[in-house]
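Student: Next come the chains, spelled out residue by residue.
Number of protein chains: 2
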Amino acid sequence: MRTTYCGLVSEALMDQTVTLMGWAHRRRDHGGVIFIDLRDREGLVQIVCDPDRPEMFKTAEGVRGEFCLKVVGKVRARPAGTENANLVSGKVEVLCHELEVLNASVTPPFQLDDDNLSETVRLTHRVLDLRRPAMQKNLMLRYRVAMEVRKFLDANGFVDIETPMLTKSTPEGARDYLVPSRVHDGQFFALPQSPQLFKQLLMVAGFDRYYQITKCFRDEDLRADRQPEFTQIDIETSFLTEEEIRAMFEGMIRTVFKNAIGVDLPVYPVMSYADAMFKYGSDKPDLRVKLQFTELTEVMKDVDFKVFSTPATTPGGRVVALRVPGGGEMSRGEIDGYTEFVKIYGAKGLAWVKVNDVAKGREGLQSPIVKNLHDAAIAEILARTGACNGDLIFFGADKAKVVNDAIGALRIKIGHSEFGKSHGLFDDVWAPLWVVDFPMFEHDEEEDRWNAVHHPFTSPKDGHENLMDTDPGACIAKAYDMVLNGWELGGGSIRIHRAEVQSKVFDALKITPEDAKVKFGFLLDALQYGAPPHGGLAFGLDRLVTLMTKAESIRDVIAFPKTQRAQCLLTGAPSLVDEKQLRELHIRLRNPQAAA
Amino acid sequence: MRTTYCGLVSEALMDQTVTLMGWAHRRRDHGGVIFIDLRDREGLVQIVCDPDRPEMFKTAEGVRGEFCLKVVGKVRARPAGTENANLVSGKVEVLCHELEVLNASVTPPFQLDDDNLSETVRLTHRVLDLRRPAMQKNLMLRYRVAMEVRKFLDANGFVDIETPMLTKSTPEGARDYLVPSRVHDGQFFALPQSPQLFKQLLMVAGFDRYYQITKCFRDEDLRADRQPEFTQIDIETSFLTEEEIRAMFEGMIRTVFKNAIGVDLPVYPVMSYADAMFKYGSDKPDLRVKLQFTELTEVMKDVDFKVFSTPATTPGGRVVALRVPGGGEMSRGEIDGYTEFVKIYGAKGLAWVKVNDVAKGREGLQSPIVKNLHDAAIAEILARTGACNGDLIFFGADKAKVVNDAIGALRIKIGHSEFGKSHGLFDDVWAPLWVVDFPMFEHDEEEDRWNAVHHPFTSPKDGHENLMDTDPGACIAKAYDMVLNGWELGGGSIRIHRAEVQSKVFDALKITPEDAKVKFGFLLDALQYGAPPHGGLAFGLDRLVTLMTKAESIRDVIAFPKTQRAQCLLTGAPSLVDEKQLRELHIRLRNPQAAA
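For the record, the sequence lines run as chains A and B. Numbers 10 to 605, taken from the numbering used here, label the letters of the first sequence in order. Numbers 10 to 605, taken from the numbering used here, label the letters of the second sequence in order.
Be aware that one or more of the hints could be misleading.
Identical copies carry no separate label here, and so any pair may be met within one copy or between two of them.
DSS-like cross-link-like pairs, simulated, lysine-lysine; straight-line CA separation at most 27 Å [stated by the list, open to error]: (1) Lys519 - Lys410; (2) Lys513 - Lys224; (3) Lys146 - Lys160; (4) Lys470 - Lys79; (5) Lys422 - Lys357; (6) Lys160 - Lys224; (7) Lys589 - Lys519; (8) Lys422 - Lys408; (9) Lys293 - Lys357; (10) Lys146 - Lys224; (11) Lys519 - Lys357; (12) Lys67 - Lys79; (13) Lys513 - Lys79; (14) Lys293 - Lys559; (15) Lys100 - Lys357.
Hint data in this document are derived by calculation from the structure and do not stem from the laboratory.
Full structure from sequences and hints, please.
Tutor: The following block contains the structure:
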């Protein structure tokens, strides 16, 4: 019926008759002529309705915003001086011959080009919100990204195999969404947190290369960029090494950026987890920020300043400096603001030194704390940070985790600030990297036990198997994360393919053989039958597209997202259900009045 | 690491050194040499291990079935007379230079080439079952089909947009799977039975052409070919007519058959629902079966045989004949078998006539019932059925639904029988068609109300809108089903895009405006804002692939299916969960002892 999309009408169609379908984005009357900006998913085109076709003109007079229209007309050049360089169709307009109102519209609750709508209004009227050109562009790009991923994987022999949505609850990771079984009284399915075990089973089954773009579910309290259901590009392959997997999927993401948004990503640096924590206090460093930690723990062991010497001499403590070039011009108020900021991350305060004149040593520094530091320490600070006149140096001193979190966040905060951007501390580029060599285990102080950093199916480095018994904290995993601009875009690992190694990991995690059998018996069983060496990774599609579109929230790249209270404002889900439904599922409400 | 797949080693690689990864499918010792059939997802290749490389040979001696192996060796011709024409690699073998056991295997619980395994054994050991070449082929074809669908849709401007899995319960259609909300005490999400409303909303939002290959959920008692979760190719478009939609998706399925399995489907006949019921008693006729109903209702009105005359004179009754060419040779035992068979469908018996000599009229017939029929009726039966000597004519007489179900099933049963196949009553071809012009409503006798045949969002034919008030049974829908070989492969409709028509349908279905607002308010709201004319359809991917692979069950084209009792025998889902989980979800079990 349509000959082309509104947004694609251009000089190439000059003098041709076109049939268009779309929505009245704006209507203006000017000099007795009616102009309608007709909108479809590809963009806008200007329709000109002249009064010399009275029937058509009468219809045009009735058109209001968001009416759905069919237009037949002739493409012609816009009068000189009225071109719109922002539109593909900006040099032309369509002289309307026939106009049909396919469906009228009541007045929308808001203007589609209003950029100051609350998220509540947008999500409640999501259908109209999705008509906004920015949302159309986001979802179209999301599709393009997914399709480029599929093309790349197809060309590399990966096969999309669907894994179950109704599966088994394994309550260690995040909280499961549960689904009561009607057929089996008292039993429940769980929605998958990821297809991790199924994709490993598919490798054991010999499918060699698997992928799936699939929904995963975690019933967690939502942070800004989490959704109860999210989409994962899930991948697994047999017979490839860690390096081969990284090379292949660096290539995939590079191809996707090139083909979907025309961006050439640089070759990824590879950084060890230890290095990333050492230099940036983070396992997902934003390399666009040109600031690094300076390690001072050793230096501060013998200073007469307990704020520094206590963490420097306590196991697990850390002291670092963060040099901010040009930071000397920051006001006391700004510094106080950063002091409040780091408290969010558990820091008790934020020591600082302004470097007025390096050559003068102690005398050239301005700071509440230098009086507590001996000369050697001051010399070491200046030498290690490479401080210059006009710099500001911040300090973090606490348990390593607090220092890393607080000064890591401060690093980002300053880098992204107006100050950072105007002082060359922020490079507005795409900054990807691999973070590798993660530890296998992290120690849970409260419970005094070791937890898996990735998941319990991650393989230790070759030769590290016995460290699991003797020194779990020193055991390094074949795990890798892809980081882009400070976001974890994806991550994965080489998996354990030998039952005896898997059992050792369960031992280290204090999962008894009986427990392991109940929860993962089917995996342990499968590993006995010639399981191949295998590994993989998963990317968060929502995050990837959010980065690529530079959207403000992942909710802007999801058609029908949930709020932070896990509600759909459009449909009103979740909602009350009939008592009969609950009875069939063999469950009842704990608080019946909640449903009243 | 690998240079090619086992199944792809062929003469093209003659004299080259290859590196292969795979599983020991069989091992034979013959003349001091060890032969290993190495298997991967692409097929088998024969590996020859000569004792002249002692270290490698020693490794080969330890190899057992399903060991995972790495082989480096040289491709050479098989000795004359030992070629295997069934394999791509059948003319060659690989002389092994290096052999590495990547992982050993305990003895599998069954032989992979055992074709007589129970489904319980297969689903319990699904990982090994999936290693079977037939299952590998099925799932690889499933992927190829899905990818061909995506390519076709992409080329036609369709955009894959994800719709929510955690959505709102609307308890009319099938039974919902429910998901308790932790954040909202007493409230529940439902898993989608289909993305129907969301895809319509996406059309209202202006995305123009949408698709998704997505999981849908129905908590129904499972018939042979149903699964609790199944995969739908879900499609919606704006601005196309019913005919345009049918043409486009007939083209899609034709392209998929051609590209995935090399089959050219014929052009689809288009048959009205009324015609299909008239000729075949089914809205999904298997046109491979060369048998048709003969209508006799009018003819039997005045016979002195109540079995025929009562249904013939009762509103809603029907009398038909089914002529079986050559059926005269059926034994009384076979006829009795069919009589039992039609009782499954509610028939009370199965009248029959053997045609020995048409020329002799009544005297030429052999039957328990001809004595009850007057001459005119007999003449009419012979004329209308076009009976020939040696034929058998079956009769159905009852309520139309019973006749259609029983004689429709009999038609299929005879057509697919050995008798049918040997008597030319079954054409082993691909027989697709469109069934169109479905009624909008069907009458529920028990509840004395009208129900939607498709769903309440289906548009009536132009001009049929007012029949909804005056004669709902005569109101025809813009609905269409694609049928292949007697299976409903997909179906859809033009949707209602005007709020006032939608309200009329709700009226006809006795859904009050208040109820409609609670359940579908968001749709009715969206229709007010210039909703475009739109329609679409959905295909069952599981069924499509089952047909294409000629698998015995849809469970053979799903990696991890559920049993007919909705259980996963591999993982043991559903299962008991912790009391803590239930407490967080504000629910308790009705029968706590069920979880004991």
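Student: Next step is simple, just say for each hint if it's right about the structure.
Tutor: Verification of the supplied hints:
1. Lys519 - Lys410: Classified as within: same-chain Cα gap 24 Å, cross-chain 63 Å, threshold 27 Å.
2. Lys513 - Lys224: neither (31 Å within a copy, 37 Å between copies)
3. Lys146 - Lys160: Both, since 21 Å and 21 Å are each at most 27 Å.
4. Lys470 - Lys79: Answer is between; shortest inter-copy Cα gap is 21 Å, intra-copy 64 Å.
5. Lys422 - Lys357: within (18 Å within a copy, 82 Å between copies)
6. Lys160 - Lys224: Both: 20 Å inside a chain and 22 Å across chains, each within 27 Å.
7. Lys589 - Lys519: between (43 Å within a copy, 21 Å between copies)
8. Lys422 - Lys408: within (21 Å within a copy, 77 Å between copies)
9. Lys293 - Lys357: Within one copy only: 24 Å inside, 74 Å across.
10. Lys146 - Lys224: both (22 Å within a copy, 26 Å between copies)
11. Lys519 - Lys357: neither (35 Å within a copy, 66 Å between copies)
12. Lys67 - Lys79: within (15 Å within a copy, 78 Å between copies)
13. Lys513 - Lys79: So Lys513 and Lys79 pass the 27 Å test across copies only (26 Å; inside, 68 Å).
14. Lys293 - Lys559: Result: close within a single copy only, 18 Å intra versus 49 Å inter.
15. Lys100 - Lys357: neither (61 Å within a copy, 76 Å between copies)
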